[in-house]
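Visitor: Put together the whole structure using the sequences plus the hints.
Quick note: the sequence shown uses this note's numbering, first residue 170, plus one each step.
Since the hints were derived computationally from the structure, they do not count as laboratory data. Do not rely on the hints blindly, as some may be mistaken.
Below 27 Å or equal to it, Euclidean Cα-Cα: the simulated DSS-like pairs (lysine-lysine) are [stated by the list, open to error]:
# : residue 1 : residue 2
1 : Lys-309   : Lys-333
2 : Lys-333   : Lys-314
3 : Lys-317   : Lys-333
Distance windows between CB atoms, simulated [stated by the list, open to error]:
# : residue 1 : residue 2 : range
4 : Ala-212   : Glu-296   : 15 to 21 Å
5 : Arg-298   : Gly-241   : 56 to 62 Å
6 : Ala-338   : Ala-199   : 56 to 62 Å
7 : Glu-269   : Arg-315   : 31 to 37 Å
8 : Arg-189   : Asp-260   : 38 to 44 Å
Backbone N, C-alpha and C define an ideal beta-carbon position, used for all residues, glycine too.
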Amino acid sequence: MAEFDDGSECAICMEPLDARDVVALPCACAVAYCFRCWDRALASSFNARGQASCPTCRVAVDVDFDADARGGEGALVFSVAADGGAAGAEDPDAAQHRVESVVNRLAGQAAPLMTRRLRRYGEDHGELRPAAADVGAYLKGLGVKRLKALAAASGLDPGAYLEKAELVAAVRAAHGTDGAAAAFA
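Guide: Quick look at the structure:
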């Protein structure tokens, strides 16, 4: 990474940066970007072509997530793409497969951090323990108004359910297994 003095500006938004605000680029570019602009540029190229690329030199960039970086708070890690970003460049099906693969890989890499945060949240909010211990019993104990709100938030039509038991079953089904709630237990 090129060395930047305090007072450098982001090449995109022109906002002043200090040395700790500058993204460590994986390529040889000697350009300063703030995290927000770098992330937007990578997302834009990824969405347009199925491959993130440096906004300056257009080298293909791989993005990974290190869940243990920054003292366990996680961080994105950028590197020059091993395959040069050529995979799926011409074939739309291959490009779509690459996009899905990258998204799934990043989700898998972020899962340990998400689990830690959910567990910590559950530990900090003991009132959630009954819900985590027995989701069905917890939902059955809620009022119909609250169940309808949960159904709506889950993308369901609350008016389609006439009985409280139907609402409980629909909300549980909308969220798959009760395993996600077990992270709080």
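Visitor: For every hint, state whether the structure bears it out.
Guide: Hints, verified against the model:
1. Lys-309 / Lys-333: OK: Lys-309 and Lys-333 at ~8 Å, within 27 Å.
2. Lys-333 / Lys-314: holds, 10 Å
3. Lys-317 / Lys-333: The hint holds at about 9 Å.
4. Ala-212 / Glu-296: 15 to 21 Å: violated, 37 Å
5. Arg-298 / Gly-241: 56 to 62 Å: Violated, at about 23 Å.
6. Ala-338 / Ala-199: 56 to 62 Å: holds, 60 Å
7. Glu-269 / Arg-315: 31 to 37 Å: This hint holds: roughly 36 Å between Cβ atoms.
8. Arg-189 / Asp-260: 38 to 44 Å: holds, 41 Å
Consistency note: the structure conflicts with the earlier hints numbered 4, 5.
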